[in-house]
Amino acid sequence: MNSPLLLLILLALATGIGYRMKATQGRIKRKAGLQISAAEIRTSFGARATVIQFSTTFCSSCRAAKVLISDVVSKQSDIKYVEIDAESNLELVRKLDIRSTPTTIFVDKKGFEIARAIGAPKRDQITAAINRL
Amino acid sequence: MTQTQNNLPPQTIDARGPRFTAGITLVVLSIALLTHSTLVIGFQLIVFAIAAFIGLKKSPYGIIYRKLVQPRLSGPVPLEDQRPPRFAQLVGFIFALVALIGGITDAKYLFQIATGFALVAAFLNAVFGFCLGCKMYLILVRIFKRA
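Chains as they are written, first to last, in the UniProt record's numbering: chain F, 1 to 133; chain Y, 1 to 147.
Worth flagging that the hints you see were computed from the coordinates, not collected in a lab.
No incorrect hints appear here.
Each pair of labels, with its calculated beta carbon distance range:
| id | chain 1 | residue 1 | chain 2 | residue 2 | range |
| --- | --- | --- | --- | --- | --- |
| 1 | Y | Ile139 | F | Asn2 | 32 to 40 Å |
| 2 | F | Lys122 | Y | Gln11 | 28 to 36 Å |
| 3 | Y | Ile143 | F | Arg20 | 19 to 27 Å |
| 4 | F | Met21 | Y | Phe53 | 27 to 35 Å |
| 5 | Y | Ser37 | F | Thr43 | 55 to 63 Å |
| 6 | F | Thr43 | Y | Leu79 | 22 to 30 Å |
| 7 | Y | Ile94 | F | Glu91 | 23 to 31 Å |
| 8 | Y | Leu110 | F | Leu90 | 34 to 42 Å |
Covered, in the sense of this in silico footprint (three residues per stretch, anywhere, with C-beta under 8 Å from a C-beta of chain Y), are these stretches of chain F:
| id | region |
| --- | --- |
| 9 | 5-12 |
| 10 | 95-104 |
Among the chain Y residues that face chain F by a calculated CB cut under 10 Å, a handful are:
| id | residue |
| --- | --- |
| 11 | Leu34 |
| 12 | Glu80 |
| 13 | Arg83 |
| 14 | Pro85 |
| 15 | Phe130 |
| 16 | Leu138 |
| 17 | Val141 |
Computed from a prediction, not measured in an experiment: that's the story for all the values here.
C-beta: ideal position from N, C-alpha, C; glycine also.
In isolation and in its complexed conformation, chain Y is listed as follows (with noise of 0.2 Å):
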């Protein structure tokens, strides 16, 4: 039996979700680079925000996978902690953020840097499922968590 998104347990996601999210993230950033627009960038930056603070399940292109992707596929679903990819959200969030101000600000710069380090992000999690927001959150909760 497949399982579907709506029975999975609380804390848990479609595994399979995050990487098409960072598809779409990845096309969504590269018109915000080729464009140079404060609107696109804004409008990614709204997004991750939703995901990061409200939940992955909330985020449009959350919502995208489950309405179209995840009744086309097949197989049982793999479970996923949602914690890392949120917090993969976040540092996304971060980088929008900035970029938005690098373009409000014309610091042209600014605004390719922050927007080119969340593009290979995406990039590294839609073509190889490299998650590195994820690979953050053991280092961080090394600095931050006492033992």
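Bound conformation, chain F alone (with noise of 0.2 Å):
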């Protein structure tokens, strides 16, 4: 192929791919998944539900993501906030199927995930997700 041509096809595809990204990022998603038990995530599960969020030590973005949850669910005493290092807990994250960091799994008061969010929720997200709950 042609060089000029394959390259303008190949930013207009790496475009699409990035607003693509860009658009579900951070994105809350409804989801019917697995139970995760309390040993599992060592600790009791929140009165109402509970939000779990996978991070790695190398993630920037996970560091925001926990100041902005955490604050959120500091003003609902029946939510809990807990977050989760992926990298020393691989079994619970091939469990869950966690490709990258930050995921913030929401679960009920029983443990079975009932949303999900890939990448770096924003606050309105965050508070719009826990209202449904």
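The two chains are supplied separately, each in an independent frame; assemble them into the complex guided by the hints.
The structure is reproduced here in structure tokens:
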């Protein structure tokens, strides 16, 4: 293929991929998932729900997500926030199919996954998701 | 007080650096693709190799960032662990190596495909701030590391 044309196609493709990734980043999707036990997250669940954030030490957006989510959750006494290091909990990471960090999982009081956000969610997205719990 | 690169903890780098270096990589890979130059892709291969195997701070693009760009930036330095961007450089190294083999053996499509993959990854990092190599890191840890 002609090189300038190939370059144009690649740049257009990368732009499309970039906008798609940007649009889906941090979006909270409803998801009926697996049940997690309290032992797996090494703490008890919140009375209404628990927000579990999977992070890694190398992930810079995890720190920002942690500050944001824990701040929103702190206003709700019946919702608990838990941060889990993905690299040292690989069994749970594999079980829940966590592929990147931060990934935030919303579970009900029995530990059933009800929603998931891949990437750092925005404050209004977290607030809306928590209000729906 | 603005923290400088030299004061950063040993395993961390200025998080803005990889995005800048991805911009230079994007330009170099575009030139390589347009000119079908094994010399240019060979140069980029060496840059990837230095960043992946010696360290991001020793990479020519990293030095350009530290000497010319970083001193002009204000505000606190966002920190990032250097393992994922270093891993991303390793992925870039593999693609550049395949492209170089394609270029040397006159396998035009191999050269174009391998350079193209590296170029798309560099574009996503430079323009959107998405590090594909970094995203692959946890997936590979999941595959290869025992729980």
